[in-house]
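Working from the sequences, and respecting the hints, build out all of it.
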Amino acid sequence: VTRGRATPSLALAALPLLAACEGPQRVFAPAGPGAEEIGRLGMFLIVATVVPALVVIAIAVAAALRRRRPPPGGAETERRDERVVVAAGVASALLIGVLVLANVWVGRRVVAPPDEPAFDVEIVAHQFWWEVRYPQHGIASANELHVPAGSVVRVLLSSADVIHSLWIPELQGKLDAMPGRVYAKWLRADRPGEYRGQCAEFCGLQHARMAFWVVAHPPEEFARFLERERPPRAPAVDPVHVRGARVFAAARCDACHAVRGHHELEGLGSPGPDLTHLGSRRTLAAGTLPMTEEALAEWILDPARAKPGVRMPATDLAPEDLEALVTWLLASPEGGPR
Amino acid sequence: VTRNGSIAHLERAWATPPGFAGWLSAVNHRVIGVRYMVTSLVFFAIAGIEAAVIRAQLAAPELAVVGPERFNQLFTMHGSSMMFLFAVPFLEGLMIYVVPLMIGARDMVFPRLNAFGYWVYLIAGVALHVSFFAGVAPNAGWFNYVPLSGAGFSPGVNIDFWVTMITFLEVAALVAAVEIIVTIFRQRAPGMSLARMPIFVWASLVTAFMIVFAMPALVVASLLLGLDRLAGMHFFNIPGGGDPLLWQHLFWYFGHPDVYIMLLPALGIVSSIIPVFARRSIVGYRLHVFAIVAIGFVSFGLWVHHMYAAGLPLVGMNFFAAASMSIAIPSAIQIYSWIATLWRGAPRLEPPLLFAMGFLVLFILGGITGVMIASVPFDWQVHDTYFIVGHFHYVLVGGVVFPIFGAIYFWFPKITGRMPSARLGRWHFWLMFVGFNLTFFPLHIVGLQGMPRRVYTYQLEVDWGAMNAVATAGAALMALAVALFFLNVFRSVRRGAEAGPDPWGADTLEWSTSSPPPSWNFRMIPVVRGRSPLWEGPPPDAPVPELAWRTALAAPDGPRRETPITTALDAHPDHVAHLPGPSVWPLWTALAVTVSFLGALMNLWLVPFGGLLTGLCLLGWHRTHAREPLPPPPGRSATWSGIALFVVIEGVAIGSLLVSYYYLRLGAPAWPPTGIEPPPLALPALALALLLGSVVPVAMAERAARRGRLDAPTRLLPVAAAGVLGYGVLTTLELVRHPFRWWANAYGSVVFTISGYQVLHAIVLVLFGAAVWASWRRGVAARRERAALEALALYWYFVAGVSIPVFATVELAPWLL
Numbered sequence: 001v002t003r004g005r006a007t008p009s010l011a012l013a014a015l016p017l018l019a020a021c022e023g024p025q026r027v028f029a030p031a032g033p034g035a036e037e038i039g040r041l042g043m044f045l046i047v048a049t050v051v052p053a054l055v056v057i058a059i060a061v062a063a064a065l066r067r068r069r070p071p072p073g074g075a076e077t078e079r080r081d082e083r084v085v086v087a088a089g090v091a092s093a094l095l096i097g098v099l100v101l102a103n104v105w106v107g108r109r110v111v112a113p114p115d116e117p118a119f120d121v122e123i124v125a126h127q128f129w130w131e132v133r134y135p136q137h138g139i140a141s142a143n144e145l146h147v148p149a150g151s152v153v154r155v156l157l158s159s160a161d162v163i164h165s166l167w168i169p170e171l172q173g174k175l176d177a178m179p180g181r182v183y184a185k186w187l188r189a190d191r192p193g194e195y196r197g198q199c200a201e202f203c204g205l206q207h208a209r210m211a212f213w214v215v216a217h218p219p220e221e222f223a224r225f226l227e228r229e230r231p232p233r234a235p236a237v238d239p240v241h242v243r244g245a246r247v248f249a250a251a252r253c254d255a256c257h258a259v260r261g262h263h264e265l266e267g268l269g270s271p272g273p274d275l276t277h278l279g280s281r282r283t284l285a286a287g288t289l290p291m292t293e294e295a296l297a298e299w300i301l302d303p304a305r306a307k308p309g310v311r312m313p314a315t316d317l318a319p320e321d322l323e324a325l326v327t328w329l330l331a332s333p334e335g336g337p338r
Numbered sequence: 001v002t003r004n005g006s007i008a009h010l011e012r013a014w015a016t017p018p019g020f021a022g023w024l025s026a027v028n029h030r031v032i033g034v035r036y037m038v039t040s041l042v043f044f045a046i047a048g049i050e051a052a053v054i055r056a057q058l059a060a061p062e063l064a065v066v067g068p069e070r071f072n073q074l075f076t077m078h079g080s081s082m083m084f085l086f087a088v089p090f091l092e093g094l095m096i097y098v099v100p101l102m103i104g105a106r107d108m109v110f111p112r113l114n115a116f117g118y119w120v121y122l123i124a125g126v127a128l129h130v131s132f133f134a135g136v137a138p139n140a141g142w143f144n145y146v147p148l149s150g151a152g153f154s155p156g157v158n159i160d161f162w163v164t165m166i167t168f169l170e171v172a173a174l175v176a177a178v179e180i181i182v183t184i185f186r187q188r189a190p191g192m193s194l195a196r197m198p199i200f201v202w203a204s205l206v207t208a209f210m211i212v213f214a215m216p217a218l219v220v221a222s223l224l225l226g227l228d229r230l231a232g233m234h235f236f237n238i239p240g241g242g243d244p245l246l247w248q249h250l251f252w253y254f255g256h257p258d259v260y261i262m263l264l265p266a267l268g269i270v271s272s273i274i275p276v277f278a279r280r281s282i283v284g285y286r287l288h289v290f291a292i293v294a295i296g297f298v299s300f301g302l303w304v305h306h307m308y309a310a311g312l313p314l315v316g317m318n319f320f321a322a323a324s325m326s327i328a329i330p331s332a333i334q335i336y337s338w339i340a341t342l343w344r345g346a347p348r349l350e351p352p353l354l355f356a357m358g359f360l361v362l363f364i365l366g367g368i369t370g371v372m373i374a375s376v377p378f379d380w381q382v383h384d385t386y387f388i389v390g391h392f393h394y395v396l397v398g399g400v401v402f403p404i405f406g407a408i409y410f411w412f413p414k415i416t417g418r419m420p421s422a423r424l425g426r427w428h429f430w431l432m433f434v435g436f437n438l439t440f441f442p443l444h445i446v447g448l449q450g451m452p453r454r455v456y457t458y459q460l461e462v463d464w465g466a467m468n469a470v471a472t473a474g475a476a477l478m479a480l481a482v483a484l485f486f487l488n489v490f491r492s493v494r495r496g497a498e499a500g501p502d503p504w505g506a507d508t509l510e511w512s513t514s515s516p517p518p519s520w521n522f523r524m525i526p527v528v529r530g531r532s533p534l535w536e537g538p539p540p541d542a543p544v545p546e547l548a549w550r551t552a553l554a555a556p557d558g559p560r561r562e563t564p565i566t567t568a569l570d571a572h573p574d575h576v577a578h579l580p581g582p583s584v585w586p587l588w589t590a591l592a593v594t595v596s597f598l599g600a601l602m603n604l605w606l607v608p609f610g611g612l613l614t615g616l617c618l619l620g621w622h623r624t625h626a627r628e629p630l631p632p633p634p635g636r637s638a639t640w641s642g643i644a645l646f647v648v649i650e651g652v653a654i655g656s657l658l659v660s661y662y663y664l665r666l667g668a669p670a671w672p673p674t675g676i677e678p679p680p681l682a683l684p685a686l687a688l689a690l691l692l693g694s695v696v697p698v699a700m701a702e703r704a705a706r707r708g709r710l711d712a713p714t715r716l717l718p719v720a721a722a723g724v725l726g727y728g729v730l731t732t733l734e735l736v737r738h739p740f741r742w743w744a745n746a747y748g749s750v751v752f753t754i755s756g757y758q759v760l761h762a763i764v765l766v767l768f769g770a771a772v773w774a775s776w777r778r779g780v781a782a783r784r785e786r787a788a789l790e791a792l793a794l795y796w797y798f799v800a801g802v803s804i805p806v807f808a809t810v811e812l813a814p815w816l817l
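Sequences listed follow chains B and E, in order. Note that our numbering gives residue 222 to position 222 of the first sequence, counting from 1, and the numbers run on in steps of one. Note that our numbering gives residue 724 to position 724 of the second sequence, counting from 1, and the numbers run on in steps of one.
Please keep in mind that the hints were generated in silico from the structure rather than gathered at the bench. Each hint should be verified, as a subset may be incorrect.
Stated by the list, open to error - From chain B, some residues computed to sit far from chain E (all C-beta separations above 10 Å):
1. A60
2. P114
3. D115
4. P117
5. R154
6. L156
7. D161
8. G173
9. R228
10. P231
11. E293
12. A297
13. R305
14. M312
15. P319
Unchecked claim - Coverage of chain E stretches by chain B, computed from C-beta distances (three or more under 8 Å per stretch; other residues unrestricted):
16. 297 to 311
17. 347 to 360
Idealized CB from N, CA, C, for every residue including glycine.
Below is the structure:
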């Protein structure tokens, strides 16, 4: 993803252009058919309204700056002026009519998926992270969704607590994650890449740290992803791993977190993220920290330091226990080092 | 009586008593209006400081100026204060100040109600800020989406403060709306037919009607949220059968019209300023009236555009999208008309016109982004991003705050008698205009870069730092501009040049009296012959021989607050009314209501206790209004009009409750929930019959009183009261007999709430009836209390009328649906 620095004067000069070339979660940088349709509609709406608006503003300013004596306004001029106003109103109404039609047209195209979904994923929003499950593949993860580029994936979206909103601007518009309801939405990334999004409905203290990634792989790479993530964790052999696994239970991490093959939690809506393949994820705590041993150790000791309001409690593990736990959690599933 | 003697009478009649007690008892509309405006400007300054802290926190990634909890309180308070404590109350204050002067009235029709509304507003605003300084301010956003704002996820007292104080505040807004409507309909100077009303008065009228039709839904929504939180009900609680989307519908049904409740008076202000400074009358008066009324109607059909991402069906949303885009058309017509007026005129760029021009530019820009986000798919991208923040600040700051500043510069000479400094005004305008655009234009861009609203910080990787830094710099410029404004006000109040009655050469009636006007506004009630009374025909104070009562009002033979009441459409003189004078009872009543509302935060039993205190205070309020016996008015009294509006307000509230019932019912798998039988019908049917039957003696009493049989009501009212009492008792019995309670599930919650509301109605009717009966029996009242009897009768018919849909819903629907 390319980044640049904006200068304010440029910003004021060219809103749509600038917005199209800055940052990692842009509306006007579509990487899938959903965002592309909406992006075209957005550009049309902007051009079709900004141009007449600037003309009207120019006339208004000119009218205010005219220096002349008030003419004697007869009933005749009065009627003519009124007719001009009405005509301008009718012209605006016609423009609005076109925009209404464009809105309906694009809306239908954005709602219908361009082809059959390859598979379903279930996303459950939590305060303040995303639970991600691939029911057809038996995989559970958090805060990132891996998809094959070019395929439609159907997302079944819900919430375990309050209302959140799932939004990956480069792929699709947003949809609320509503407790008590399951909504369906389709996604398709046309190009391999990482597409960032974050929670878009205010959900409490850490609404700001609830990032999400869609990682689109070329098809063969996606097959390798499935191979890597599908198997459960092998039994711990390395003494450090054995100790880490024991700490995981002793410190009651297993009350909220599952590690498949080691400790299971039933069904959707688990209280904490699945940690089976924690080491392969990009970030810790929904984009709050990098996925490193130091960051994970710091996080386990006091999660609220980096993310005040997080549901996970602090721990007081001894340094050796903590190190063993971190090593085991970040180890690759086969039991080898990360 | 000499002429000087009559002036002395006017002075004595309309004076506010001296001293602190007198200050507490003031009721004159100009005093109350100024109090509203000054208080709201204090809240504006506080909410502005909150905004500055928000901007400081967001100036760069990962700052820690404030923590997340405080940040959430800050944006909740900023939004709630700017809307509920600044914009709406300021505009109400302005309408309360300006409207009576514009229509040639001496005061508003219910002066004590006016004072009561102000005290309620002040108390609620102060209580909200006490919670802020105590660190427990509301923190779930001004929109308070459940379940986040429910007891489960927000167990603290924070949201309780919002729920109770905002409901309380709405009481003030509704009171002001009733006051404005009845004043406009019944107190226009003779000759000011509807078609001659200044556009600002039209805007005020439509705004007040919008308040009447929108705010009760918010009152109901926050009441239901309060019941969920404090009484364990389940309206929005999913496990109990409630639905969070119901909250969104109720809230936005109010919330979107609320935007236009702020915008319409602002449009009215601009329509007042532009003709005066263009030195010609406005082009297309009828188009403006049409546009204002159209906006008022259409704004009630837009609310779903706040819920495009909430998973509703696309076909339905497209209708709301079409309506949301179309509302731009009436606004556009007004814009074209203002431009035509300027084009045909000879504009003087004084500060009021500068702010009106700033408004034009910013409102157009906010309007076009409004059209963009009215589109469903485009909104799926920009909804809840800073693009929206940019949009609505263009509409609310550009579209409302700029006209408010324009209004202050425009009416400052009238209110204070002194001119504001034009030089400081220009500095204020240009700093504000540049600062505003610097602050809010970049927010559109950062929104398109993906920045969501209500985040307390953002990470370095998302690259939003540059735009945010610019916005924060712009905010500093705006703060400087506002500081210059306050400096201008403070200096000009003391040292501004004498203004005289009409410094701008304006066209409406308020400029025909001195600045500031005397406490009775107009000695000689003006007679109106056109839309711009000061620009056409003979001056309004010229003697009009055919109206003998005008001379009598100008030279009264005793100290009385007399005002003419005119007919609603044509403003023909109907009768002369005596307005109540200064009183501390509105303050006591406001404090009594406060016991109910603040009490709800501590102990729910304080709610009925406060209700009892309120009832007692109302007695004191009315008994201290010593009126002279006057011949009964030939038409409806103003009190009757007020009660009629109160009935509309309650109708909207009951309608919201019934809609909530059916909404919950439609979402429920079984209704009543499995294990609960539909209610037996015998008892409720008997209760309904009693209530409907009680209407007969009431109607007979009303007829008898009108025909002069003054003893009949004393005999008939107890019979009617017995019927209502029976209704209340039987309805209560029915509730008690239910095998479930309100905390059982959403069905129980909605049944107990609606039936409980009707029981409350029965109690109010019995007490109201008893008060009218007592005054009627005292006999002296007979001639003048017919107004109260008619008001009672109207309310009675209303309660009986709603009992039919209530019966059909609560008792029949479980059997039929």
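So, going through the hints one by one against the coordinates:
no., hint, in the structure
1, A60, "violated (5 Å)"
2, P114, "holds (15 Å)"
3, D115, "holds (19 Å)"
4, P117, "holds (18 Å)"
5, R154, "holds (15 Å)"
6, L156, "holds (12 Å)"
7, D161, "violated (7 Å)"
8, G173, "violated (2 Å)"
9, R228, "holds (25 Å)"
10, P231, "holds (32 Å)"
11, E293, "holds (21 Å)"
12, A297, "holds (21 Å)"
13, R305, "holds (12 Å)"
14, M312, "holds (16 Å)"
15, P319, "holds (28 Å)"
16, 297 to 311, "holds (count 3)"
17, 347 to 360, "holds (count 5)"
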